[in-house]
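Using the sequences plus the hints, can you model the full thing?
Here the protein sequences line up with chains A and B, keeping their order.
FYI, the numbering for the first sequence is 140 to 504, going by our numbering.
FYI, the numbering for the second sequence is 5 to 169, going by our numbering.
Nothing false has been slipped in among the hints.
Chain B residues, not near chain A, derived (Cβ > 10 Å throughout):
| id | residue |
| --- | --- |
| 1 | G42 |
| 2 | P110 |
| 3 | V111 |
| 4 | A134 |
| 5 | I135 |
| 6 | M143 |
| 7 | L147 |
Covered by chain B, per the in silico footprint, the following chain A stretches (three or more residues, Cβ under 8 Å):
| id | region |
| --- | --- |
| 8 | 151–158 |
| 9 | 184–197 |
| 10 | 207–221 |
| 11 | 273–279 |
Just so you know, these hints were derived from the structure itself, not from any lab.
Since this is a predicted model, take the numbers as computed values, not measurements.
For every residue, glycine included, the Cβ atom is placed at its ideal position computed from N, Cα and C.
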Amino acid sequence: MAVNNNAKKISVVPFGPQHPVLPEPIHLDLVLKDEKVVYALPSIGFVHRGLEKLVEKRDYEQFVLIAERTCGICSFGHGMGYVEAIEKIMNLDIPPRAKFLRTMWAELARMHNHLMWLGLQADAFGFESLFMECWRLREKVLDMLELTTGGRVIFSVNKVGGLRKDVTPEMLEQILKTLDGLEKECRVVTDTFLGDPDVLSRMKGVGVLTPGRAEELGCCGPFLRASGVKRDCRQLGYEAYGELKFEPIVSYDGDCYARCLVRIEELYQSMDLVRQCIAKMPGGDIAVKVTGNPNGEYMVRIEQPRGEALYYVKANGTRYLTRYRNRTPTYANIPGLIETIKGAELADVAMMILTIDPCISCTER
Amino acid sequence: MKISKSPWILHYDGSSCNGCDIEVLASTTPRYDLERFGIINTGDPKHADVFLITGGVNYQNRDVVQQLYSQMPDPKVVVAVGICACDGGVFKDCYNIIGGVDKVIPVDVYVPGCAARPESIIDGVVKALAILDKKRERMAQGLVPDEKVWTNTIVRPGSQEKQED
Ligand code: SF4
Numbered sequence: 140m141a142v143n144n145n146a147k148k149i150s151v152v153p154f155g156p157q158h159p160v161l162p163e164p165i166h167l168d169l170v171l172k173d174e175k176v177v178y179a180l181p182s183i184g185f186v187h188r189g190l191e192k193l194v195e196k197r198d199y200e201q202f203v204l205i206a207e208r209t210c211g212i213c214s215f216g217h218g219m220g221y222v223e224a225i226e227k228i229m230n231l232d233i234p235p236r237a238k239f240l241r242t243m244w245a246e247l248a249r250m251h252n253h254l255m256w257l258g259l260q261a262d263a264f265g266f267e268s269l270f271m272e273c274w275r276l277r278e279k280v281l282d283m284l285e286l287t288t289g290g291r292v293i294f295s296v297n298k299v300g301g302l303r304k305d306v307t308p309e310m311l312e313q314i315l316k317t318l319d320g321l322e323k324e325c326r327v328v329t330d331t332f333l334g335d336p337d338v339l340s341r342m343k344g345v346g347v348l349t350p351g352r353a354e355e356l357g358c359c360g361p362f363l364r365a366s367g368v369k370r371d372c373r374q375l376g377y378e379a380y381g382e383l384k385f386e387p388i389v390s391y392d393g394d395c396y397a398r399c400l401v402r403i404e405e406l407y408q409s410m411d412l413v414r415q416c417i418a419k420m421p422g423g424d425i426a427v428k429v430t431g432n433p434n435g436e437y438m439v440r441i442e443q444p445r446g447e448a449l450y451y452v453k454a455n456g457t458r459y460l461t462r463y464r465n466r467t468p469t470y471a472n473i474p475g476l477i478e479t480i481k482g483a484e485l486a487d488v489a490m491m492i493l494t495i496d497p498c499i500s501c502t503e504r
Numbered sequence: 005m006k007i008s009k010s011p012w013i014l015h016y017d018g019s020s021c022n023g024c025d026i027e028v029l030a031s032t033t034p035r036y037d038l039e040r041f042g043i044i045n046t047g048d049p050k051h052a053d054v055f056l057i058t059g060g061v062n063y064q065n066r067d068v069v070q071q072l073y074s075q076m077p078d079p080k081v082v083v084a085v086g087i088c089a090c091d092g093g094v095f096k097d098c099y100n101i102i103g104g105v106d107k108v109i110p111v112d113v114y115v116p117g118c119a120a121r122p123e124s125i126i127d128g129v130v131k132a133l134a135i136l137d138k139k140r141e142r143m144a145q146g147l148v149p150d151e152k153v154w155t156n157t158i159v160r161p162g163s164q165e166k167q168e169d
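See the structure below:
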């Protein structure tokens, strides 16, 4: 029988769950026509722990620690979102110092996330030294976090009613000093991302998502803003964001380069916000006394480094909550990811998965 | 201690919160630099000698973990990183968590901490290398690499049937 060599063959290539570019397990079935992806079928569930159900076994104060361990990267934000919901239910008025400190830590967490992402992205297109450089800089951000909170990835400084730890003026001084040095070093690294022809050839025009589709698919965070939609939950003014000056960063191309650009700009924006926080840092207490148990429900929206996260808490007047629900940014971004992968070259898939900044452990909780 | 070979590590996230995973990656980057021992983080189980695994392992992930373990050539050592991987940690009571890597594959070194710090991860890996050498010697004498025989049975909550692993 004659073999028709021109016939395009359909083949299915499994991607993951264990894959070198991703530290976390996600599985995609990539349907290929030659080297082009025609369809991608995600399957998740490798990291599902079912921590939302733990509210039945841990009381509302202990649960802060669990909420924080939704994800080790946005850990600060998860803890903050949860306690904020409880505080709103209990009508607690948090001291301004606690608000500013929370904001400052949230921004430091954004910086370490974005530097980490830049590193992983460099690794995905095979630029090993750039990866190492980004992670070297990230250690400086972690130093600042460790200095003020005592932890490197899990901080556990939030509690219902405020904070567990205060910072000293010397610490803030030290942060400002580190930031100045860090900003200069970051410029060198980010200029490589934005100007190096090899890097550009991998990212420009790859994986375009139009603003219309990005909105329709419910994307969020830097992924959405890179498609030209100006939406940033920090503008709602939760914690101390209402008193700080900033504009959401948008880019209009919608390709991998635009996503990289948005995150790089956000990195500098976060540095600026940390400086603003320190400049305006009020004195006073860091926590209020909490009495009684929460009763009622509340929903909080928070801009995590990866996008908008939603925390829903329902309490019934006892120490144990009825329901805790957490909708996380990566979960919202997966439909957008599947859309961008369609029609891509197989070699670009790993990088495109990275450009949504996937966090599987918060997707599945 | 002396390190006789350049062991390569395989890192896998067995249903963790990610905190320990970034610490594993951080320990290979310039500040901590695991690579100065000739240790390289590889993505391929067939090249790996040390299996760094984080997280309490859920039921869907169990098969993946066991498969990765079985694909690694002997002698091999397993390092459980983080308190989750040691015994389930904060997620111990979750319905979906088996509770510890040693319930699914044999573990040689336990690195506690939530999250485990890069220093202790490196310490754990260095301890594992000594065990790796011991296993290699046993194999040279024609013995099986592990001294103890590892057995474990897991019952999925809600199901009556026992699974032999
Ligand atoms: S030990 Fe703690 S930090 Fe590490 S994976 Fe488990 S919950 Fe996360």
